[in-house]
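Chain by chain, the residues:
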Amino acid sequence: MTLTETPLAASPPSKTPKPSKPRRRSKQGRDAWLLMLPALVPVVLFSVYPLAQGILLGFTDAEAGLNVTTNFNGAENYQKLAGNELFWNSFRIGLVWAFGVTILQFLASLGLALLLNLDLRFRWIARTLALVPWAMPPVVIAIMWRLMLNPTYGPINEGMRAVGLPGDINWLGDFSTALPAVIVVGVWAGMPQTTITLLAGLQSVPTDLHEAAAIDGAGVWQRFWHVTLPALRPIIIAITTLDLIWNFNSFALVYVLTAGGPGGQTMLPMLFAYNEAFRYGNFGYAAAMGNVMVVVIAVFLFVYLRGQARSRLS
Amino acid sequence: MTTTTMSPRTRRVARPLQYLALLGYVIFLGFPLLFLVLTAFKTPQELISPNPTFFPTNPNFDNFVQAIDKANLIHAAGNSLIVAVSTTVIVTIISLPAAYALARFKTKLRGVATGWILLSQVFPFILIIIPLFLVLKQIGLVDSLLGLILVYTVWSLPFALWMLQGYIAGIPVELEEAGAMDGASRLRILRVIILPLLAPGLVATSLFTFISGWNEFFFALVLIQDPALQTLPLTLARFVGAEGQVQLGQLAAASLLATIPSLLFFAIIQRRLTSGLLSGAVKG
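Protein chains in written order, with my numbering: chain A, 248 to 561; chain B, 393 to 676.
Calculated directly from the structure, the hints in this document are not laboratory data. For each residue, glycine too, the CB sits at the ideal point set by N, CA and C. A few of these clues could be false.
To be verified - With beta-carbon atoms standing in for the labels, derived distance ranges: (1) B:LYS498 / A:GLU310: 42 to 52 Å; (2) B:PRO619 / A:GLY406: 36 to 46 Å; (3) B:ILE419 / A:ASN336: 29 to 39 Å; (4) A:SER451 / B:LEU412: 21 to 31 Å; (5) B:GLU566 / A:PRO477: 27 to 37 Å.
To be verified - Covered stretches of chain A (chain B as the covering partner; in silico rule of three or more C-beta atoms under 8 Å from a C-beta of chain B): (6) 296–307; (7) 364–372; (8) 395–405.
Please construct the entire structure, taking both the sequences and the accompanying hints into account.
Here it is, written out as structure tokens:
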């Protein structure tokens, strides 16, 4: 899925003369409503309504438990949040995670997509392998990497020992290595969508542009920089935007890998809010965290997309 | 960067480097998978041996048998199957007409629906799950597979709609018009002309919905507390907490078993999924 809107086939051109057009349109509108209704009802009941409710909850003191009265408390949650160092620390970690994974994922996927776009032998192996993480449950990916990173029996430490490096690093348990290790796993898990999307984009870059540039004496690097990248631009923007959102909101992978540890070093905002809501029962406070997350991610997206739109115009 | 536009000299230098890079990717992507498979076939003694061998010396299915036995995998897989299949059926049935309307009618609803599909990606699940949890609790659907099916349905609907409307938009309207000229009713046109052409896309969308439901973790974690109702990812995650070194093999075996269905389905649809992405990208 890309953010770029697929142009859709136009609705059946009306062959009837002009006067009857309004009636036809209103009939179409009614048909559309009828067809959408079965999808609309559950979405409104179990998605739109809870979401609105969730945003509102962020302005209340709602708590888990029976017979607890819920009151609006205005900005109180946010004042409390502003002074909650743990939350901001988790927020910082969340941003490092989301941007770290998105950027590394993009670079790694672009490299792989460029290779897959070449006429290399055995590229089908890499192509198949690149797709597998897409189908795997995040929980399984996390378990697999726990085995890989196991301090005593994991092959990574063993490999390091084999070449004479200190192979006793507790990757997921050490303060300094936990976040980088988790980011690597995040990159691994998210490569398929990014690679395939970029590959699709690469295949749509017209070859005659490349040939023209080559005739003009442009080198490989120059052609990549001045022909390939500009042509890929809309796709790059779309996929990095989606990746950023997905990564910022991701949960299962890190929950199983580290559960936020050690000492909160990998406590992504989603995990933090989950604990607040379902471990300590502070629903209102947790919803307030969710609201802050939405605002921050929206601001980032706004700045990013506007920046891209501007530089495209100039 | 096609090879045709590369000078022979550059090519001679670049080719080995390209293969080297490709090998690097294959190792990064493939090694963890290989290791998972090998671990699943190792005995507990082998796993904790001070001089571990890379390949299992005596590969057998003990870990698989024990994992199924101990962790109640079959029961959990049954729950996952019920949830994923029900979700898929419901989503397919309700998204089909909606996707058709989205693809074929130009109404205001189209803009609203598209906006919602994109917006639904942005909001963190935590904002949705808290009120959803409260609502489901009120109607007695917390700790019930039905509640989970409901949530999964709503949650996979946007993506299914998006995929399906893309496939429908790819079917020329002229075919429908031709049918209408021949006097066929709208329903007949849909059944005889559109449905057969849509079948591959429909299958891809359904299987994708199934995979999402089968793999999902967060909603299940919040909504299911009763051990008897746990889905497969929940059971696996619980298994992790209790892992002793000896059980690594069983953990790996259970993980592999849990991955097989989605991997199998994904293998079926991946061509279509990637070509769908491709067409979307090209048009964009």
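Which of the stated hints cannot be reconciled with the structure, identified by number in ascending sequence?
The structure conflicts with no hint, since it agrees with every one listed earlier.
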